[in-house]
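Residue numbers (our numbering), protein chains in the order written: chain A, -12 to 333; chain B, -12 to 333.
Take these hints with a grain of salt, some might be off.
For chains that are exact copies, the list does not tell them apart, and a pair is met inside one copy or across any two.
To be verified - In silico SDA-like links for lysine to any residue, alpha-carbon gap of 20 Å or less: (1) K179 - R82; (2) K179 - D29; (3) K220 - S235; (4) K23 - G276; (5) K220 - S204; (6) K225 - T238; (7) K220 - G237; (8) K15 - R92; (9) K(-11) - R171; (10) K128 - G(-5); (11) K220 - T305; (12) K23 - N160; (13) K225 - S235; (14) K220 - R3; (15) K225 - G159; (16) K220 - R82; (17) K179 - G223; (18) K(-11) - R280.
Treat the hints as calculated values from the structure; they're not laboratory data. Predicted, not measured: the structure shown is a model, and the values here were computed from it.
One letter stands for each residue in the lines below.
Number of protein chains: 2
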Amino acid sequence: MKCRVCRGPAIIDLPRHNANFCSEHFTKFCRDQVEKAIADFDMLLPSDRVLVAVSGGKDSLAVWDLLLELGYRADGFYIGLGIGDYSDTSGGYARRFAAERAEPRGARLIEVDLVDTYGYDVPTGARAARRNPCSACGMSKRHLFDRAAIEGGYDVVVTGHNLDDEAAVLFGNVLHWQTEYLGRQRPVLSAKDGFPRKVKPLVRLTEREMAAYCIVSGIDYLVDECPMSAGNKHLGYKEALNEIEVRSPGTKSDFYFSFLRHAADRFASGDEADEADGAAADAARGALGPCVRCGSPTSTELCAFCRLVERAGGHPATGPVVQPVDITPRPSTTPPRPDTTGTRVP
Amino acid sequence: MKCRVCRGPAIIDLPRHNANFCSEHFTKFCRDQVEKAIADFDMLLPSDRVLVAVSGGKDSLAVWDLLLELGYRADGFYIGLGIGDYSDTSGGYARRFAAERAEPRGARLIEVDLVDTYGYDVPTGARAARRNPCSACGMSKRHLFDRAAIEGGYDVVVTGHNLDDEAAVLFGNVLHWQTEYLGRQRPVLSAKDGFPRKVKPLVRLTEREMAAYCIVSGIDYLVDECPMSAGNKHLGYKEALNEIEVRSPGTKSDFYFSFLRHAADRFASGDEADEADGAAADAARGALGPCVRCGSPTSTELCAFCRLVERAGGHPATGPVVQPVDITPRPSTTPPRPDTTGTRVP
């Protein structure tokens, strides 16, 4: 098995590209795929101040690493979710990456802890709101990504969703023809109605490739799945797609990118908006005002996040959860920036 | 496990309906589902002369049986495909069903043999045309269904496609977002441009249910899959959907029927017709004339079927492949009709 580029010994085969790569050219392949995704979907400008949602897993650490490698001004944002040992361990991976690989490149890690800041954790929140834990967790994270980006002065939130994630979500939406979600499933959500732009630069790369990228790059990451995700339907959808991918390499990528090219627009009419829930659907209806408690855009008096915090017996944040980012333009070469210390807020 | 209706011992559980049934009420359930599909999609009128495509497998024999049971004037149509022992055996099952269960109810079996009538068989045709056997076979069968219905004076062709078949085809079309096919995937295709109406009354019933229906009803059918279908991608799609169905009963049915309700129309615009091939796509473009050899509607001088026959070293049919059906109205009660003998053509 030889590297497609240099004919040296390959360390990974990529059947859907009919290619094998050595470490060096695999790393370059990953960078190229991220650059291509960014260019194809107009995800980022070189001047953007980027906030990367970091969990301590392979995808979020890899995307942070790749964006720094490509010269973007990208800070990390870690949320302590209060999921027992899992959260302690994942935070450790995020902090270690920040100290060893991000701070030397002028970036910092911002942290918000749900228990410290809001007096609740995801398990309690999910139970109190009678929501599926993944749903309560996802809603909490999205709220905090939005709030952190706006308060911190970031132009864009980056998440580490990879091709497997996006294909599995698409599969789930297609299985039940959730047309409103299908109309919004894109690798870029534009800034709108007080929400920051959100982008997914890993959509051209798979889970397996991100694990390999971390290993090859010496990035230590949390391998375990979240203990609360057991039984999550998307894991089943991933398995189903993987079985098909093994028989017909390239199917997963074709499923997702053909959807974007040939089908997504057909669901974007918004005539199903009345079926959906959530702030983005509210935004589609153009009926948003500020939450009376936190100021986030919402169609109700109290936003869904503040309702969850209240039901879980928590309290509002006592001030901004994120300090504004240093807006000094970054030099064109990439020496470490002056503010290299990880900032823990609060 | 008790029957939902009579509380007697159940012989089958149907997780997606959260129900169990005894033999009698399972048979009634199948009839009800067929009636509901026919009514929901305006498939058949009581006066229709129906031609049922019969392979000797469970689905086609079950649908023929169910339509006769419901009082439709439904003849069977069997095509000898020349696939060695498989064809000999499958023909035997079709003829046995006709003699034992159809003819006593006033229906007849019409047969056309590819070798006798056209001088080629499916394996030779597929090789000669360098087509996947399932593709060459499907095209040949669709051509003969159309021709037989038109020549025989039938109003509608019935096929035994069940929910698993339709969901698997939908899955395949969605995996590659074949928008033109998605726009045409419906349980009813209206008569148009010289093609007869085609309907699928089993779309509300699964493979497993059709096997159970045959067993319970004493219908002997060919269990083996066609030997040429090995590696057919739809078998993989069925497996993938079945794994999801086991975890979430009802998903398969929701996938298919939600598509029809919420998504199919979005693909029906016809603006992708230029991507597709085949007579139906030609029809969508409105560019059809008669094939110079067989008279079937086609956009080329020689239709795709006649080209296949020619490449496979076969010859045109020497006359009509099906004699016109007896158009005497059937009495409202259902005694055997006078013409109870199976007619073999030629």
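Each hint tested on the structure:
1. Taking the shortest Cα distances, K179 and R82 never come within 20 Å of each other, neither inside one copy (31 Å) nor across copies (66 Å).
2. In this assembly of identical chains, K179 and D29 lie within 20 Å of each other by CA distance solely inside one copy; the values are 16 Å within and 45 Å between copies.
3. Taking the shortest Cα distances, K220 and S235 sit within 20 Å of each other only across copies (9 Å), while inside one copy they are farther apart (23 Å).
4. Proximity of K23 and G276 under a CA criterion of 20 Å is satisfied in neither setting, with 37 Å inside one chain copy and 47 Å between copies.
5. Proximity of K220 and S204 under a CA criterion of 20 Å is satisfied in neither setting, with 31 Å inside one chain copy and 38 Å between copies.
6. Proximity of K225 to T238 under the C-alpha cut-off of 20 Å is found in both arrangements, the shortest distances being 13 Å within a copy and 16 Å between copies.
7. For a Cα distance limit of 20 Å, the shortest separation of K220 from G237 across copies, 14 Å, qualifies, whereas the shortest one inside one copy, 22 Å, does not.
8. For the identical chains of this complex, K15 and R92 are intra-copy neighbours only, at 19 Å inside a copy versus 71 Å across copies, given an alpha-carbon limit of 20 Å.
9. For a Cα distance limit of 20 Å, the shortest separation of K(-11) from R171 qualifies neither inside one copy, at 41 Å, nor across copies, at 45 Å.
10. Neither within a single protomer nor between protomers do K128 and G(-5) lie at most 20 Å apart by alpha-carbon distance, with minima of 43 Å and 52 Å respectively.
11. In this assembly of identical chains, the alpha carbons of K220 and T305 never lie at most 20 Å apart, being 36 Å within a copy and 57 Å across copies at closest.
12. For the identical chains of this complex, K23 and N160 are neighbours neither inside a copy (26 Å) nor across copies (27 Å), given an alpha-carbon limit of 20 Å.
13. For a Cα distance limit of 20 Å, the shortest separation of K225 from S235 qualifies both inside one copy, at 15 Å, and across copies, at 15 Å.
14. With identical chains, the CA atoms of K220 and R3 are at most 20 Å apart between copies only, with a shortest distance of 17 Å across copies and 25 Å within one.
15. Taking the shortest alpha-carbon separations for K225 and G159, both the intra-copy value of 10 Å and the inter-copy value of 16 Å come in at or below 20 Å.
16. Proximity of K220 and R82 under a CA criterion of 20 Å is satisfied in neither setting, with 30 Å inside one chain copy and 46 Å between copies.
17. In this assembly of identical chains, the alpha carbons of K179 and G223 never lie at most 20 Å apart, being 33 Å within a copy and 42 Å across copies at closest.
18. Taking CA atoms no more than 20 Å apart as the test, K(-11) paired with R280 passes in neither setting, with 59 Å inside one copy and 54 Å between copies.
Going down the numbered hints, you'll see the structure goes against 1, 4, 5, 9, 10, 11, 12, 16, 17, 18, while the others check out.
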